[in-house]
Amino acid sequence: MLFPTLFGVVTLVFFMIALSPGDPARVMLGERASKEKIEKLRADLGLDKPLIQQYGLYLTRIVRLDFGESIKSGQKVWDEIKARYPATIELALCAMIFASVLGVWIGVISATRKNTWIDYTSMVGALFGVSMPVFWLALVLIMIFSVNLNLFPTGGRMNLRLFFQPETNFYLIDTFKLLLKGEPEYFLSALHHLILPSVALGTIPLAIIARTTRSSMLEVLKQDYVKTVRSAGIKEQRVVFRYALRNALMPVITVIGLQFGMLLAGALLTETIFAWPGIGKWIYQAIEARDYPAVQGGIIVISTSFVLINLAVDVLYSVINPKIRLQ
Amino acid sequence: MSDDTLLTMENVNVHFHTRRGVVKAVRDLSLHIKKGETLALVGESGCGKSVTAHTINQLIPMPPGVIESGSVIFRDRDLLKLPEKEIRKLRGTQISMIFQEPMTSLNPVFKIGEQLADVFLTHQKMTKKEAHAKAVELLDLVKIPSPEKRAHDYPHQLSGGMRQRVMIAMALASPEPGLMIADEPTTALDVTIQAQILDLLTDLKDKVDMSILLITHDMGVVAETADRVVVMYAGRKVEEGTVYQIFDNPSHPYTLGLLNSLPSNEKYADHSRLEAIPGNVPDLLTLGDGCPFANRCSWADEACEKSFPGITELDEGHSIWCHKSEEVKNRSVR
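Each protein sequence line maps, in turn, to chains A and B.
First residue of the first sequence: 1, per the numbering used here; consecutive thereafter.
First residue of the second sequence: 1, per the numbering used here; consecutive thereafter.
Since the hints were made in silico from the structure, they are not lab data.
Just so you know, these numbers come straight off a predicted model, no measurement behind them.
Keep in mind that the hints are not guaranteed to be accurate.
Said to hold, decoys possible - When the alpha-carbon atoms are kept at most 25 Å apart in a straight line, the in silico DMTMM-like pairs for lysine to aspartate or glutamate are as follows:
(1) A:K235 x B:E137
(2) B:K111 x A:D314
(3) A:K235 x B:D203
Construct the entire structure; sequences and hints are all you get.
Dropping the structure here:
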């Protein structure tokens, strides 16, 4: 399923851009460029060839991860993505870890204490979480924790005074090496900078995960096999967290996967507010500038991630549920 | 109370507080189970059989359930007064339970060996390896072929009969089994498998020296396995006796009706329709204090509607609760 999906994505991106109105050459050179200049650029870009030939060339380039050069900056699109996407992945991953761990826990607690004040409080909280606009939450968090309490930085990925040279652009990985060498301040600073944006970005997924876990857990707790282990005298905590939770996790994992995929593409607001040099902001700027190669590359990389996450979710299903396991 | 009594329930009342009102699921129920005997609790769905079972192992969902009064003495301790922690220790060791639906009673995401071993690990000090060995031993005891291999199977890889055997094995995962509550253990199985499971239960009962509380609505199952019978109707006990007394001399109108509605070759040789008890089970929400069977009983009169009858002892160990015992007496099954 993986390759057909990816092929479909790549094809769709190509034709959407090919069919969209406007001539990239004209956009690049401006309204007042001469006809000859435009014709020359069209030839350079291969835009004068038949569509099907363009598509073939495009495919061979994509396979080599060659997305061309950004019109705006003149840099290789793949290099720009490599510089920015790790920041987004790191942030989304932290946000999802925050959302999943806390969300599942809250969901389980509410389900086992159904119709108590704990349940009501967390579910009303979850409703607030889902309805909260991210940009507003981010600003409030900055106001309280950065400006008033001065506990966290207002933005960026690292204390600028630390003069840090990243290798992979996954700061936590890069700084972890330094941590092992006995220089923990880099790692701690990177972590420190991640906390507020992760909370802001993770709040909506957190709320959705908590609600999904609760309803799934309530369903599972009614099942006969839960009655069985209870009547066998297994401790309630073990009944809930070992026997029931594993069955309840199936729909939760689906939600986690979908939310994670959405964060990768949709972290624009959070990235903007926290001055996070991620891919969301970069694509937004590329779209604004009609930087077609950049948009193309960005969309392909993000959708590939989405497909890969779904693959991981499918693999997790079969780990959790033996019925799905291939014989 | 004699020494060979394992469990005694006295005047137990269990209510469920629902939005529509209070459901009196079990009313003034008293019964006892002797060591090594099989007591069958008979009645149709909703008559309080399962609630009775869950009163014993304290798994009634509370709320909405409330055990209003009564006592359940098991091995000299009142289960209703024990703290939850003590009850939990009894569950799975001295009081175990098997359920109606073997297809859904085992956790689908754990190997059956793991699930069995976990019961040992919960109640006894042993290593995982020892617990696994014990689990395999039990699978062998309930006559599952190649138990070593099956222990690594998931529930969906086994048939219904095999799963019910695993459930029985789980109920036996104890060094000192006392009471096994079997809640309609064969209802969901094929007739041939039913017989095998019942044989297995009877065999095991003698082997490990335990008592069985068999909950069923199937008089055939009762005849095959039970020593004594308690017939329940709408939360009340209406007749009690040995299995011979109940089948040879059924004396409560409801028991008569139950036995009359059994298909049999002699009775239905010429006409094909089964006899049924007229009317429906009463709504427990609106049920008054009279005899709950009054509205379906052909002997009933005003007295029956007013109050629940006292005990009438017909024979040693054979009692009914019926105002019309004199008239119903000697009215055998047609």
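Hints and how they fare:
no.	hint	in the structure
1	A:K235 x B:E137	holds (24 Å)
2	B:K111 x A:D314	holds (21 Å)
3	A:K235 x B:D203	violated (30 Å)
Hint violations for this structure: number 3 only, all remaining hints satisfied.
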